Amino acid sequence: MKKQISSFMEFAGLIVFFLIYKFAPQEYALRAASIFLLIFSIIQILYFKLLKLKVPRSMLFINGLSIAFAIPTIYFNDFQYIRIKLLVIKAIFFIVPFVFVLFGKNFQQLVFGDLAGIKELTNHEFKVVNWWFIIVSGVSLLITLYAYFNLSDDAFLELKTFWLPAVGALYIIPIFYYLMKKDLNKKP
1 MKKQISSFME
11 FAGLIVFFLI
21 YKFAPQEYAL
31 RAASIFLLIF
41 SIIQILYFKL
51 LKLKVPRSML
61 FINGLSIAFA
71 IPTIYFNDFQ
81 YIRIKLLVIK
91 AIFFIVPFVF
101 VLFGKNFQQL
111 VFGDLAGIKE
121 LTNHEFKVVN
131 WWFIIVSGVS
141 LLITLYAYFN
151 LSDDAFLELK
161 TFWLPAVGAL
171 YIIPIFYYLM
181 KKDLNKKP
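Numbering (the UniProt record's numbering), first residue to last: 1 to 188.
To be clear, the hints were calculated from the coordinates, so they are not data collected in a lab. It should be emphasised that the depicted structure is a prediction, and the values quoted were computed from it without experimental measurement. A portion of the hints provided could be inaccurate.
Only pairs whose alpha carbons sit at most 27 Å apart, straight line, appear in this in silico DSS-like list of lysine-lysine [as the list claims (entries may be wrong)]:
id, residue 1, residue 2
1, K119, K181
2, K181, K85
3, K22, K85
4, K127, K186
5, K105, K127
6, K52, K127
The task is simple: from the sequences and hints, build the whole structure.
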């Protein structure tokens with residue numbers, strides 16, 4: 001049950017941010033949504049700590065950036081900081097795994113090492129998973145770059161809230177494939 005709640009919490013903040021931004025009076029929308037995100041990011045980490053759950057590295061990273069960029073967004077009431085935050089996240093999710101692979105290191109094992117069954121993957125399977133992650137991250141980064149320069153704030157927020165997470169869901173395809181393949185091979 002704790003795992004399901006934590007998974008829900010990862011996307012709940014994004015959805016509520018979007019709803020506040022869309023439905024709050026326009027002059028307060030950005031600040032109200034950013035204040036919510038700032039508070040929610042802190043509460044989310046505290047929730048994991050209080051339940052003695054391991055806080056995923058990716059959550060610490062993204063929440064840290066959310067907090068860091070929410071403060072100037074609130075202070076200056078400028079949507080540009082939200083655009084920059086997403087661009088920074090997408091760039092890091094592309095560059096860091098690419099550098100890991102160049103140096104022969106396994107990025108996916110570092111990030112998803114605690115995922116059930118992930119340690120059973122072979123080196124070849126991890127290479128496929130790593131390169132798939134890099135390709136999907138690159139596509140996501142290109143979409144974000146286009147959106148950064150060409151979309152209105154509302155369109156950018158809709159892309160960030162709904163479409164980029166859908167692209168991000170593609171990350172798990174090879175992991176799911178290899179884990180299912182191993183599971184099927186174990187059964188008599």
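Okay, the hints, checked on the actual structure:
1. Using a Cα cut-off of 27 Å, the hinted pair K119 and K181 holds, with the two alpha carbons roughly 14 Å apart.
2. Distance check on the hinted pair: K181 and K85 sit about 37 Å apart at the alpha-carbon level, beyond 27 Å; violated.
3. Among the hinted pairs, K22 with K85 is consistent with the structure: their alpha-carbon atoms are about 19 Å apart, no more than 27 Å.
4. Distance restraint check for K127 and K186: the Cα-Cα separation of roughly 22 Å lies within the 27 Å cut-off, and the hinted pair is therefore satisfied.
5. Restraint check for K105 and K127: satisfied, since their Cα atoms lie roughly 10 Å apart, inside the 27 Å limit.
6. Between K52 and K127 the CA atoms are separated by roughly 33 Å; this puts the pair beyond 27 Å, and the hint is violated.
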